[in-house]
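With the sequences and hints as input, model every part of the structure.
Heads up: the protein sequence lines correspond to chains A and B, in order. So the first sequence is numbered by our numbering: it starts at 1 and just counts up by one. So the second sequence is numbered by our numbering: it starts at 1 and just counts up by one.
None of these hints come from the bench; they were simulated from the model. Be careful, since some hints might not be right.
[Unchecked claim] Residues from chain B that keep clear of chain A, each with C-beta distances beyond 12 angstroms, as calculated:
#1 Met1
#2 Gln42
#3 Ala80
#4 Asp119
#5 Pro136
#6 Pro176
#7 Leu195
#8 Arg203
#9 Asn205
#10 Ala221
#11 Pro266
#12 Leu286
[To be verified] In silico DSSO-like pairs for lysine-lysine, Cα to Cα no more than 30 angstroms straight-line:
#13 B/Lys216 to A/Lys216
#14 B/Lys51 to B/Lys15
#15 A/Lys51 to A/Lys15
#16 A/Lys15 to B/Lys216
#17 B/Lys15 to A/Lys216
#18 A/Lys51 to A/Lys216
#19 B/Lys15 to B/Lys216
[What the hints assert, rightly or not] Derived coverage of chain A by chain B (criterion: at least 3 residues anywhere in the stretch with Cβ under 8 angstroms from a Cβ of chain B; other residues may be distant):
#20 34 to 42
#21 115 to 128
#22 153 to 159
#23 214 to 223
All values derive from a computational prediction rather than experimental measurement. Note that the Cβ used here is the ideal one computed from N, Cα and C, for glycine as well.
Protein chains: 2
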Amino acid sequence: MSAHPRLSINQATIKHTTVAQAVQVVTGAGIEAIGLWREQVQEAGLQESAKIIADSGLRYSTHCRGGWFTVPEGPARRAAIDDNRRAIEETATLAAAGAEGSRAVLVLVVGGLPEGSRDLFGARQRVSDAVAELAPDAQAAGVTLALEPLHPMYASDRSVLSTLPQALDIAADFDPAVVGVTVDTFHLWWDPEVLEHIARAGRENRIATYQVCDWKTPLEADNLLSRHYPGDGMIDFGPMTRAVVEAGYDGDIEVELLNQSIWDTPPAEAVRRTVRGFECAVAPYLA
Amino acid sequence: MSAHPRLSINQATIKHTTVAQAVQVVTGAGIEAIGLWREQVQEAGLQESAKIIADSGLRYSTHCRGGWFTVPEGPARRAAIDDNRRAIEETATLAAAGAEGSRAVLVLVVGGLPEGSRDLFGARQRVSDAVAELAPDAQAAGVTLALEPLHPMYASDRSVLSTLPQALDIAADFDPAVVGVTVDTFHLWWDPEVLEHIARAGRENRIATYQVCDWKTPLEADNLLSRHYPGDGMIDFGPMTRAVVEAGYDGDIEVELLNQSIWDTPPAEAVRRTVRGFECAVAPYLA
Numbered sequence: 001m002s003a004h005p006r007l008s009i010n011q012a013t014i015k016h017t018t019v020a021q022a023v024q025v026v027t028g029a030g031i032e033a034i035g036l037w038r039e040q041v042q043e044a045g046l047q048e049s050a051k052i053i054a055d056s057g058l059r060y061s062t063h064c065r066g067g068w069f070t071v072p073e074g075p076a077r078r079a080a081i082d083d084n085r086r087a088i089e090e091t092a093t094l095a096a097a098g099a100e101g102s103r104a105v106l107v108l109v110v111g112g113l114p115e116g117s118r119d120l121f122g123a124r125q126r127v128s129d130a131v132a133e134l135a136p137d138a139q140a141a142g143v144t145l146a147l148e149p150l151h152p153m154y155a156s157d158r159s160v161l162s163t164l165p166q167a168l169d170i171a172a173d174f175d176p177a178v179v180g181v182t183v184d185t186f187h188l189w190w191d192p193e194v195l196e197h198i199a200r201a202g203r204e205n206r207i208a209t210y211q212v213c214d215w216k217t218p219l220e221a222d223n224l225l226s227r228h229y230p231g232d233g234m235i236d237f238g239p240m241t242r243a244v245v246e247a248g249y250d251g252d253i254e255v256e257l258l259n260q261s262i263w264d265t266p267p268a269e270a271v272r273r274t275v276r277g278f279e280c281a282v283a284p285y286l287a
Numbered sequence: 001m002s003a004h005p006r007l008s009i010n011q012a013t014i015k016h017t018t019v020a021q022a023v024q025v026v027t028g029a030g031i032e033a034i035g036l037w038r039e040q041v042q043e044a045g046l047q048e049s050a051k052i053i054a055d056s057g058l059r060y061s062t063h064c065r066g067g068w069f070t071v072p073e074g075p076a077r078r079a080a081i082d083d084n085r086r087a088i089e090e091t092a093t094l095a096a097a098g099a100e101g102s103r104a105v106l107v108l109v110v111g112g113l114p115e116g117s118r119d120l121f122g123a124r125q126r127v128s129d130a131v132a133e134l135a136p137d138a139q140a141a142g143v144t145l146a147l148e149p150l151h152p153m154y155a156s157d158r159s160v161l162s163t164l165p166q167a168l169d170i171a172a173d174f175d176p177a178v179v180g181v182t183v184d185t186f187h188l189w190w191d192p193e194v195l196e197h198i199a200r201a202g203r204e205n206r207i208a209t210y211q212v213c214d215w216k217t218p219l220e221a222d223n224l225l226s227r228h229y230p231g232d233g234m235i236d237f238g239p240m241t242r243a244v245v246e247a248g249y250d251g252d253i254e255v256e257l258l259n260q261s262i263w264d265t266p267p268a269e270a271v272r273r274t275v276r277g278f279e280c281a282v283a284p285y286l287a
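Here it is in structure tokens:
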């Protein structure tokens, strides 16, 4: 079996796997790269996970995920910052264990409005503050923090960061090796200016990772789990993928599918379908 | 009973009413303005609806709704254009029947991707084309076409227009009396630049109507019906409402709530709850 050389499977696509199982399924499909989730890494143990990655020969594409920066100062915020410091260490360790071409990228989902608050502006300021606090740790560890704008339908509960310019404006205060952005088709495809935004991200050297995932109407009842194999939905992957290529991003491209029916599919089958979807809907634009 | 003098009830909030019932409930609550939906107007008959409005002493705030402009040229598109011409006539007739201060505003929901298409760019161009085709009719009838950007979660199925600048750019080719925009908190609250966009809409004299409606997490399983009374959700109505006031909009402010549980509430009770929500969450910013 073989797959596109730039395809990486994000473990969220095969959520019900251990690190060892995920690596086995991904290598078994002829895929060259993987991104793991923190919960599973912590369950297996960081050193054991790093050993599994090293033995696999896979590249490590991203670590998912840090963030949750919007709570006001206090014990909960301190705990979140400390947890992100651990995530930075995990990222560095796993990327070092991966094959050549691995990327030490920690994806950040910044969080929604704190309980009881309607203050979007304050929440966004606290995101900037948290990035400033963590940047020295990331720099010291050689890790890139990848701010991910999520679809605006998650603005209240998961991410007060909804657009690429918002993420780029926060990143602007830092070295591109330390703070970058995540470009995800599912979150950004609707934006009438997304191609210009991707071009700007390229000029500013900020694209830390590119994720592809499809949007389908109607949404699932739980909108968090409404992601689909590339090609199964309404997104034309051509314009955005070409823009990312022209912007100079040449790293792995992850497929991260949160979807109950995909999770109910045997992992090897879900990965095969991902390989096929990527081949048809994304790969043609990577030439 | 009395209500804020700028509050208008959009009939979608009390969907299961005839025109006569809607007018009765709204006047009974001491409200001064109403916006009707085309389905109900057609059921009652246009002239009968106009008579009911005239007899009520209510202002007419908007007519809902026209649009569905994204289908390619052919019989379906011709039918949609013709139907919008009828909607323009309805709008003119009902606004003329309303009390002084009525506005001849036709709200436009432009449509999503046509069946089987992934071409957002083409769909958006067809929206501009349709507006150009209808503008002379609107001008002749003294009607303002109010392009409504919908929340990006509707980009595939209901509106390829997702932001205020998109709507303003389309409107720019026309007289502000002929093509304007709808500012709706539910659709725009997440936008990090919404206040600047509202200011621009004001400078360009394009705000044809302002609608207030709250966002709550989690969304309803059917995301179309996920709208809530002002004050019941996560939106801070202060910044947007002040921006709309500062932008010079001084017309009626509609509450349009698509929500099954509100539809299941007796209309008079839903209107009372709307009056209260508006009073607490919106009115303080209209001083």
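Results of checking the hints against the structure:
1. Annotated as non-interface, B/Met1 keeps its C-beta farther than 12 angstroms from every C-beta of chain A; the closest such distance is 29 angstroms.
2. Residue placement check: B/Gln42 keeps its beta carbon more than 12 angstroms from all beta carbons of chain A (closest about 27 angstroms).
3. Listed as a non-interface residue, B/Ala80 keeps its Cβ farther than 12 angstroms from every Cβ of chain A; the least gap is roughly 19 angstroms.
4. With a least beta-carbon separation of about 7 angstroms from chain A, B/Asp119 fails to lie farther than 12 angstroms from that chain, contradicting its non-interface assignment.
5. Annotated as non-interface, B/Pro136 keeps its C-beta farther than 12 angstroms from every C-beta of chain A; the closest such distance is 26 angstroms.
6. No Cβ of chain A approaches the Cβ of B/Pro176 within 12 angstroms, the least distance being about 21 angstroms, so the stated non-interface status holds.
7. Annotated as non-interface, B/Leu195 brings its C-beta within 12 angstroms of a C-beta of chain A; the closest such distance is 10 angstroms.
8. With 12 angstroms as the threshold on Cβ separation, the claim that B/Arg203 sits away from chain A holds: the shortest Cβ distance comes to roughly 20 angstroms.
9. With a minimum CB-CB distance of about 22 angstroms to chain A, B/Asn205 clears the 12 angstroms threshold, and the non-interface call stands.
10. With a cut of 12 angstroms on Cβ distances, B/Ala221 falls inside the contact zone with chain A, its closest approach being about 4 angstroms.
11. Separation of B/Pro266 from chain A is adequate, the least Cβ-Cβ distance of about 27 angstroms exceeding the 12 angstroms criterion.
12. The claim that B/Leu286 lies off the interface holds: its Cβ sits roughly 18 angstroms from the closest Cβ of chain A, which is beyond the 12 angstroms cut-off.
13. At most 30 angstroms may separate the alpha-carbon atoms for a hinted pair to count; B/Lys216 and A/Lys216 meet this at roughly 22 angstroms.
14. A C-alpha spacing of about 20 angstroms is found between B/Lys51 and B/Lys15, which places the hinted pair at or below 30 angstroms, so the restraint holds.
15. Taken as a hint, the A/Lys51 and A/Lys15 pair is honoured in the structure, with Cα atoms around 20 angstroms apart against an allowance of 30 angstroms.
16. For the given pair, A/Lys15 sits about 28 angstroms from B/Lys216 by alpha-carbon distance, which is consistent with the 30 angstroms threshold.
17. Restraint check for B/Lys15 and A/Lys216: the C-alpha separation of about 28 angstroms stays at or below 30 angstroms, so the hint holds.
18. Using a Cα cut-off of 30 angstroms, the hinted pair A/Lys51 and A/Lys216 is violated, with the two alpha carbons roughly 38 angstroms apart.
19. Between B/Lys15 and B/Lys216 the CA atoms are separated by roughly 20 angstroms; this keeps the pair inside 30 angstroms, and the hint holds.
20. Residues of the stretch 34 to 42 of chain A lying with their CB closer than 8 angstroms to a CB of chain B number 0, which falls below the three-residue condition for coverage.
21. With a cut-off of 8 angstroms between beta carbons, the stretch 115 to 128 of chain A has 5 residues touching chain B; three or more are needed, and the interface restraint holds.
22. With a cut-off of 8 angstroms between beta carbons, the stretch 153 to 159 of chain A has 4 residues touching chain B; three or more are needed, and the interface restraint holds.
23. With 8 residues having a Cβ less than 8 angstroms from any Cβ of chain B, the stretch 214 to 223 of chain A passes the three-residue criterion, so the hint holds.
This entry does not satisfy hints 4, 7, 10, 18 and 20, going by the numbered hints stated previously.
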